[in-house]
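Chemist: Model the full structure from these sequences, guided by the hints.
Given next are the chains, with one letter for each unit.
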Amino acid sequence: MMNAESNPGINLPFPRMSMLKVQGLSKAFGANRAVDSVCFEVSPGEIYGLLGPNGAGKTTTISMLCGLLKPDAGEIFVAGAAFSADPQKAKRIMGVVPQDLALYEELSGRENLEFWGRIAGLSSREAKSRAMELLDALTLADRAKDAVKTYSGGMKRRINLGCALLHRPQLLLLDEPTVGIDPQARLNILEFIGQLRASGTAILYTTHYLEEAESICQRIGIIDQGKLLAEGTLSQLQERLGRDRLFVVEADFKDSSPDAWDGFNQRFRVIQRSEKQLVLAAIGARDPSECLKDLLGLPVRVENVTLKRPSLNDVFLQLTGRDLRE
Amino acid sequence: MFRVLLAKDLRRAWRNPVPWLVNLALPLCITALIGLTFGGYIESDQIGRIKFAFVDEDNSPATTYLRGYLTATTGQAAEHLEPLFVNRETALQLINNNEISSVFIIPANFTIDYLTGRKSVALELIKNPTESIHPAVLEELLGTVVTGMNVASRYFQFEQPEWKAAVQKGADPRQILELIERAGQRAQMARQYISSPLIGLEKNGSTGKTKSNTSESGTDGGFNLFAYILIGMTGMYLLFLAGSGMMDLQRELRIRTFERYQTLRQRTWAFLLSKVVFAGALVLFGSFVLLAGGGLIFHIHWPQPLALAALMCAYASFAAGLMALLAVLAPDERQANSFNYIVALSLSIPGGCMFPAGALPDFMRHHITPFMPTAWFADTARELSYGNAKFTWILVSFKLVLLSVVLIGAAAFFLRRRLKTGART
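In the order they appear, the protein sequences are chains G and H. According to our numbering, the first sequence is numbered sequentially starting from 484. According to our numbering, the second sequence is numbered sequentially starting from 32.
Careful, some of the hints might be misleading.
Which chain G residues face chain H? A few, computed with CB under 8 Å, are given here [as the list claims (entries may be wrong)]: (1) C549; (2) P570; (3) Q571; (4) I576; (5) V579; (6) P581; (7) D583; (8) A585; (9) E589; (10) L590; (11) F598; (12) A603; (13) L605; (14) R608; (15) K611; (16) W744.
Hint data in this document are derived by calculation from the structure and do not stem from the laboratory. Please read all numbers here as calculations on a predicted model, not as lab measurements. Positions of the beta carbon are idealized from the N, C-alpha and C atoms, including for glycine.
Modeler: Take a look at the structure:
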């Protein structure tokens, strides 16, 4: 496990203290190990992205973190205190935005916000004023009195987010909050989440959108089949592959194998291989032009060689052998 | 917290009232349909005027006298009977058009055959199959007439030839007067045999006791078929209504709002209790609409409204508790829905809500119905509508409340067990 203290690349505006610390978290449903010994930490003012495909164990992890599921093993600490010691105290600190739209469609946006504010422990007056604040912040003030069932998908997502914020949580758990909405609505939500981070909220953000994780998360954990395969900042994860570049070689690889080429495996690491394409990372600190020359000299008829920056998908590909978008 | 949850549920129900209104409208419609088809209501211990066709194919002096008696504008016959003197074809046409309750036919030569004893005689009664009370009353009345005629034929058989002669030859007043005088003397001699008190049959205490009660209170306590049906329908549909109310728990599990609640609150008892109270409030509102509104629509008089209200409160708590347990046990909303309907029907049919308990099979009537809370409610409410259940309602209400406490406790236990490993089950 890596953490921010060992990562010089992270620049957090708030003092280091884990708002959420997860140690060896596990959950199995029968023979299926949905979450397997997952460990990570989230600090105030940090967005920690949990990136993985559908069924990777992201929602199960969040469900355990907020007390909806009882872990089979592992410990959860919220603001330094064990969750299991005083779950109600931990729940007062955290806000949870579920993947599903957990809203009352017959009620208006304002009524939904006020209701969840009251449930979070606010007085009637506090809930009303906070609801108005959030409606302004979420740019929904003009539709405050309309029933939620008349809202667009993006508006419902914003209200869904707002319902978790009434009590100003210090820790926010967001379970794929932008699923199924248009790019503009997604951008609005991501901007709002950025503002929350800037105000010092610790945010755990699960997603299967690479672009979201790359753009808003300070640190990213890659999860697949219940296991946290890697974590770190985007540059740290990219470095796992080959500094800041990958080589994409296009040729006919049907009848030839890189393993058979003399010394190839000592100079390059194969990230992805198909009949027409090889994605490679150079081993060691080598000059790109030298690498290109090397690749053009391969015993196959090379049609094209391109350079690209490693993406999170390449990292995922390298870790799991599968494309995240599959 | 509890108040906030309840207010939210009531507000949601107010915004989407269709499901609840359907459950309120249906029993009223069914009551109206059955009541109007099979009889309706009868005011002030009266059976109402029975409209029937009188077909006189005999045309003898005796039947002419009978027709004269029936057309009289005063007396008991005029008060209860409304005969239409028509021929057979017209009578059958009228009954086919559902305009009369029965057709009474005196066949040709009936009087002669009766008086001479030449052959056995029969009166004909054709009942309207779409009515129940009026044809039955007329049948009973005719049965009495037939019995009386049989008695007369036995007792006055020696004088029948003279009666026959008088009838056949035409009415000689002196001869008829003599015959009547002799008949009177014979009747005087038989007085000791016929003056003993008659034995009657009393059903549901709705004749004697009710009569005395209503005469004291000066209120209307006659049998009302609408009231009988409405109480049964109310018992059944209030279970459906409670089921719809408690289904909201399953709905909140489906739309994940219950999970969201759990991310903010550790204890779930307030959530469950608010749902039970919400369902109970719906049932109470429903019972008010059905019994008070139904009372106005169908002219039903409730002699003991406070007792009925207390009974309704107890039944509402039972219905909400039962449906809470079912909602907690059912794995999902769809199955909960089916489960609710099956259980509600299983309680309503043996409980005498759909059919009179007396019409149920023996085994069910004696071994199952007495243990049905629906039967406790329906029987007691019907007794209350007759003005009879002076103290029974207290015991029944207590039993229902006790049962509801047990059911709500069981629901809380099973919900807690279900959530022990997390809400996502």
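Chemist: Could you check if G/P570 really has its C-beta closer than 8 Å to a C-beta on chain H?
Modeler: 5 Å, holds
Chemist: Have a go at the G/F598 hint: is there a Cβ in chain H nearer than 8 Å to its own Cβ?
Modeler: 5 Å, holds
Chemist: Close enough to count: is the Cβ of G/L605 nearer than 8 Å to one in chain H?
Modeler: Check failed: Cβ of G/L605 comes no nearer than 10 Å to chain H, outside 8 Å.
Chemist: Given G/A585 as an interface hint, is its Cβ closer than 8 Å to any Cβ of chain H?
Modeler: Holds - the Cβ of G/A585 comes within 8 Å of chain H, reaching about 4 Å at its closest.
Chemist: Against chain H, with CB atoms and a cut of 8 Å, does the hint on G/K611 hold up?
Modeler: Violated. Min distance 13 Å.
Chemist: Hold the hint about G/P581 up to the distance rule: shortest CB distance to chain H must be less than 8 Å.
Modeler: This interface hint holds because 5 Å falls under the 8 Å limit.
Chemist: Taking the closest Cβ pair, is G/E589 under 8 Å from chain H?
Modeler: 4 Å, holds
Chemist: Does the CB of G/D583 sit less than 8 Å away from some CB of chain H?
Modeler: 4 Å, holds
Chemist: Holds or violated: is there a CB of chain H closer than 8 Å to the CB of G/L590?
Modeler: Hint holds; G/L590 Cβ to chain H Cβ min 6 Å, cut 8 Å.
Chemist: Measuring from the C-beta of G/R608 to each C-beta in chain H, is the shortest one below 8 Å?
Modeler: 14 Å, violated
Chemist: Quick one, is the G/V579 hint okay against chain H at 8 Å, beta carbons?
Modeler: Cβ of G/V579 sits 4 Å from chain H, so the hint holds.
Chemist: A closest beta-carbon separation below 8 Å is what the hint needs, so does G/W744 meet it against chain H?
Modeler: 51 Å, violated
In this structure, the earlier hints numbered 4, 13, 14, 15 and 16 are contradicted, and the remaining ones agree with it.
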